[in-house]
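Q: The lines below spell out each chain.
Number of protein chains: 2
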Amino acid sequence: MGSQSIYTKENLLDSNEFRKQAHMMIDFIADYYENIEKYPVLSQVQPGYLQNLLPKSAPYYPEPIESILKDVQEHIVPGLTHWQSPNFFAYFPANGSIASFLSEMLMTGFNVAGLNWVSSPAATELESIVTDWLGQMLVLPKSFLFSGGGGGVIHGSSCEAILCTLLAARDQVLSTIGSDSIGKLVVYCSDQTHSAFRKASKIAGIHSRNFRVIKSTRSTSFALSPHLLRSTICSDIEDGLIPLYLCATVGTTSTTAVDPLGPLCDVTKDYGIWAHIDAAYAGSICICPEFRHFIDGVEAANSFSFNPHKLLVTMLDCCCLWVKDPNALINSLSTNPEYLRNKATDSKQVVDYKDWQISLSRRFRAMKLWIVLRSYGVEKLRNVLRSNVELAKLFEGLVGTDKRFEIVVPRKFSLVCFRISPSAISKCKTNIDEINKTLLESINASGRLYMTHTVVDGVFMLRCAIGATLTQEAHVLAAWNVIKKHADVILNMHV
Amino acid sequence: MGSQSIYTKENLLDSNEFRKQAHMMIDFIADYYENIEKYPVLSQVQPGYLQNLLPKSAPYYPEPIESILKDVQEHIVPGLTHWQSPNFFAYFPANGSIASFLSEMLMTGFNVAGLNWVSSPAATELESIVTDWLGQMLVLPKSFLFSGGGGGVIHGSSCEAILCTLLAARDQVLSTIGSDSIGKLVVYCSDQTHSAFRKASKIAGIHSRNFRVIKSTRSTSFALSPHLLRSTICSDIEDGLIPLYLCATVGTTSTTAVDPLGPLCDVTKDYGIWAHIDAAYAGSICICPEFRHFIDGVEAANSFSFNPHKLLVTMLDCCCLWVKDPNALINSLSTNPEYLRNKATDSKQVVDYKDWQISLSRRFRAMKLWIVLRSYGVEKLRNVLRSNVELAKLFEGLVGTDKRFEIVVPRKFSLVCFRISPSAISKCKTNIDEINKTLLESINASGRLYMTHTVVDGVFMLRCAIGATLTQEAHVLAAWNVIKKHADVILNMHV
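Taken in sequence, the protein lines are chains D and E.
Using UniProt numbering, the letters of the first sequence correspond one by one to residues 1 to 495.
Using UniProt numbering, the letters of the second sequence correspond one by one to residues 1 to 495.
Possibly wrong hints are sitting among the right ones.
Same chains, same names: a pair is fine if it fits in one copy or spans any two.
What the hints assert, rightly or not - In silico DSS-like links for lysine-lysine, alpha-carbon gap of 30 Å or less:
hint : residue 1 : residue 2
1    : K215      : K343
2    : K484      : K20
3    : K184      : K412
4    : K348      : K56
5    : K56       : K142
6    : K20       : K70
7    : K343      : K485
8    : K56       : K380
Please keep in mind that the hints were generated in silico from the structure rather than gathered at the bench.
Kindly generate the complete structure, drawing on both the sequences and the hints.
A: Printed below as a string of structure tokens:
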């Protein structure tokens, strides 16, 4: 057939070739997990390392997968910081699992863009069902579930969840006072709230002079004070401003501080302010009944979000957001261009998740949560979370046995904040923060483990965040030994 | 050991179990591709179908992967609209490939959160390298590449790319005129611009009265008129407003109209307006030299974005954005909390992509583009895109052979906009739009193929978007036969 040359496309999804190459990739990744402890946890490459290892432009002709995997092993793996390593204790964990990996494969294989219901009904309906499941596991009030008039959605990140709820709150208020009053809107948080909130506020056009950061103190474990919130709000109202939105946190990034949700929501209710609860990290742990009390008071909030992609063995990206009033989100974020109109949407019987988020197209992320929850079940997931907390307790106990160290902020979940104590260098002129910085850099440069730091109340401290899937007791014990050895060297130099 | 019960975590990334289950999943997905033509392309389920098929809550105990896959097959697959089907002609395609699937596996397996350079140097550096590669393939001016002082970033969607560049433009202007003047900022687009731009403008706090929609006409193939743009801008300036941002499009969603970039950028340059080029759909095709002229004029724009996840055989999600002035993005979107500070960032020698986007955490999306470009090479990718265009020409030709039909807007790329012609029902009282709506619904209800519609200049038309990876000549021919048969029935009823 003469036309074949122009019409015939090479089949880039040929199922035989797919099987062959994909099985090869599975073995590559399984080998990676088996060897992961051999790599330095924190990548030791220098800025710009990759540029000289790769060609300056894309190849004109195809390259075999074998060559590509060889380059991945030789050039990419050394530039990875290994978040799946059992010796990864930095930031907060991104703990993966087989079930989550399998569901990413399925999601990618189907590759449906579930922008609205009709574009793939299963993607939408499974998301509604699974966020209801997870809401029940957290004992969220029914008003946050679809079965109770609210509803959940899966975003890519907490940044997105905070931004979208802020937009919902903003547009609800602006619809009565007029958009020209945007400069009067005030938002509230503590000095421990994640930087995502400042960014979201800026994006939403909240004036920087109206971004209220309420100081927290060590005496209340860095929790946001309801009294200070109320007095700040009153002062703003006196100044003719309009209080809009509070971002409260369960498990802050620096030290996993917990804001008192009930008393804070009493305040926001009095002034008609939208209360959002950001439990990005700690939300997962609250599926254990003994930790549920940390989100007591969520009943009175307007929205709540957390990231299964941190501790709930769900690979990136997966942030669940629940709202009591989906219409507030939809009124702010909906679009209805002709090319997306369809009968299901017009019937108003379906959820169109494009109107619950920033982007139009969306991956079938519900698949991940559904398969993780089913593969492991509630009991096993709770036990994994409990083990992480127990391992953190173990580490905390080890720190406590060495008088050169101190726990800076009492542990609540599976993060331990500690440092070399000022008393250990009492005769030395070097600043204690500098000593601890040196310790952290020295440990991380060893490649044996990776931790990060924070500064709270003027104190530099090391953060040991436990929760990587592969982390077991032996890794925690080994980590402590590495820390002690590096401390020995540094303290010998300085004392 | 007595402590084992509390410290020992079940290994949810055990490599043997990983191999076993993941190989099983590969075969499930390969089988899905082999059987994909057996399913109705557009899911035929009714709203709420899934709720009654699944339990009301998450299971307490684990379930085996075999049961889960059985449920996927029985309950999820019927609720999918099959975007990978060769008979999918709706919206724009999301065309997958083996290389893209493999790279998603690798990305998920590593599961690094590449928020900043240090959190995984390879993720950042590969993204900079591969966006430079792709920029070269598009013959973007060097000023858009890292090698020329600009740079590229991979976002999840065009919505995000448009929003982020709008924020960069907004904050650049507000930094000189003051945030209280936000109500004076004006943004510009045509009546064919994607709804994402209106949404982005609303999110960014641009007042709705300052959202200028310039009417396009059939006589200029629905392209935005530079003359009208200039006169609208002048009128706004006379009114004391401040022109901010133009969103021009190469390949509009309704009909793939192309705005004249050169003349439009002449206007934006005169008034210091940020010009963003949204080539979400057509950008991929412009890697073919014979189509490159459609983005002529991009040289003068401030930013340019397109979605490899539409036509460039890259699975969701992947939108490339290039900017000439990365600092404009960074000044608007950067955060620098203590817990993310690190030496590499302080050295200012590295890119921290968290400051180029909305969210903090990010997947290693660069892996996808890198492996797709290497696996297929530039020549093969061009040929796939050309075949799609040739198949669209074929379809256009078939429509042209049947006098009952007409091409409503001349084809430019691989989308064909057509309808039953008013002349075919001249004696009938039924509205021609209603006839075409009935035709589309009838075709989609058959499950044989799936197309969507648009309305432009008051005319309802069917959109046949060619480009699904598995679509070959036979599918296009078969689709045309299905369309004709349904038209026979409908016209027989009405004429």
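Q: Evaluate each hint against the coordinates.
A: Structure-based check of each hint:
Proximity of K215 to K343 under the C-alpha cut-off of 30 Å is restricted to the inter-copy arrangement: shortest distance 28 Å between copies versus 51 Å within a copy. Taking the closest pair of Cα atoms, K484 and K20 never come within 30 Å of each other, the shortest separation being 48 Å inside a single copy and 40 Å across copies. In this assembly of identical chains, the alpha carbons of K184 and K412 never lie at most 30 Å apart, being 37 Å within a copy and 48 Å across copies at closest. For the homomeric pair K348 and K56, the shortest alpha-carbon distance between copies (23 Å) is at most 30 Å, but the shortest distance inside one copy (52 Å) is not.
Proximity of K56 to K142 under the C-alpha cut-off of 30 Å is restricted to the inter-copy arrangement: shortest distance 13 Å between copies versus 56 Å within a copy. Within a single copy, K20 and K70 get their C-alpha atoms as close as 17 Å, and across copies as close as 23 Å, so both meet the 30 Å cut-off. Only between protomers do K343 and K485 lie at most 30 Å apart by alpha-carbon distance; the minimum there is 23 Å, versus 67 Å within a single protomer. When the C-alpha separation of K56 and K380 is checked against a cutoff of 30 Å, the pair qualifies only between copies, where the shortest distance is 19 Å, while the shortest distance within a copy is 48 Å.
The structure is inconsistent with the numbered hints 2, 3, although it conforms to all the rest.
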